[in-house]
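For chain A, the structure is supplied; the task is to place chain B on it using the hints.
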Amino acid sequence: DQQVKQNSPSLSVQEGRISILNCDYTNSMFDYFLWYKKYPAEGPTFLISISSIKDKNEDGRFTVFLNKSAKHLSLHIVPSQPGDSAVYFCAASAKAGGTSYGKLTFGQGTILTVHP
Amino acid sequence: DAGVTQSPTHLIKTRGQQVTLRCSPKSGHDTVSWYQQALGQGPQFIFQYYEEEERQRGNFPDRFSGHQFPNYSSELNVNALLLGDSALYLCASSLSGPNSPLHFGNGTRLTVT
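Just so you know, the protein sequences line up as chains A and B, in that order.
Numbering of the first sequence is given in my numbering, commencing with residue 1 and proceeding in unit increments.
Numbering of the second sequence is given in my numbering, commencing with residue 1001 and proceeding in unit increments.
None of these hints come from the bench; they were simulated from the model.
Note that beta-carbon positions come from the ideal geometry of N, C-alpha and C, so glycine has one too.
One thing to keep in mind: the hints can contain errors.
Okay, the calculated beta carbon distance ranges per label pair [stated by the list, open to error]:
| hint | chain 1 | residue 1 | chain 2 | residue 2 | range |
| --- | --- | --- | --- | --- | --- |
| 1 | B | Asp1062 | A | Asn57 | 37 to 47 Å |
| 2 | A | Pro79 | B | Ser1065 | 27 to 37 Å |
| 3 | A | Gly16 | B | Ser1065 | 47 to 57 Å |
| 4 | B | Gly1028 | A | Gly60 | 20 to 30 Å |
| 5 | B | Ala1002 | A | Gln3 | 31 to 41 Å |
| 6 | B | Arg1022 | A | Gln3 | 26 to 36 Å |
Isolated chain A (complex conformation) (with noise of 0.2 Å):
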């Protein structure tokens, strides 16, 4: 059961240009939402994330847009970068015990590469 799933394995774009990554949850309990970048031979990485009383939070060229009731949710990178090049995984958790968030359960990724 992939409660959370990007369904485009790989994305290419032209420096300078926007970045549009895209992720789908199915689970309506979620209510934070992360997206992470991954390089080759190096842990996740925290990017930004978005609470789901916010349907917008933007970190310089990040922007993450959140649409609950289609539950969707979508990473903007303008421009972007040639570093940008790597793997991007969207994130959610739901709170456990009601007070804190405990496990993350993540999407399957989406190779970024970004051409000079």
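This is chain B only, laid out in the frame that chain A set:
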């Protein structure tokens, strides 16, 4: 400020053996989680430790066990290794409060032959 550190970086074991992986959390973090990442997949949650107790567990058999020490460091133990246990094992640390992003180590690559 040291991030999450894991040891060893690579490990080769034989089917049926036991393995222990180690993790030191990021300074100031008190919660440690372990994930298994198979090739081409996203990380899968194994369990989380807080205050030396297992707080939440994913869908992994009892062969997977863990421990958290008073200094917040943690170990992941896997008994009776199977070929399917070959994966990248990631440790992540965080603060115990809500909306605290996980910070991951670089992982331990386990190969079971």
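Hint by hint, here is what the structure shows:
For the hinted restraint 37 to 47 Å between Asp1062 (chain B) and Asn57 (chain A), the CB-CB distance of approximately 39 Å keeps it satisfied. In this structure, Pro79 (chain A) and Ser1065 (chain B) break the distance hint of 27 to 37 Å, their C-beta atoms being roughly 47 Å apart. Between Gly16 (chain A) and Ser1065 (chain B) the Cβ separation comes to about 49 Å, which falls inside the hinted range of 47 to 57 Å. Restraint check, Gly1028 (chain B) to Gly60 (chain A): a C-beta distance of roughly 24 Å satisfies the suggested window 20 to 30 Å.
Against the hinted window of 31 to 41 Å, the Cβ-Cβ separation of Ala1002 (chain B) and Gln3 (chain A) comes to about 33 Å, which satisfies the hint. Taking the beta carbon of each, Arg1022 (chain B) and Gln3 (chain A) are about 30 Å apart, inside 26 to 36 Å as hinted.
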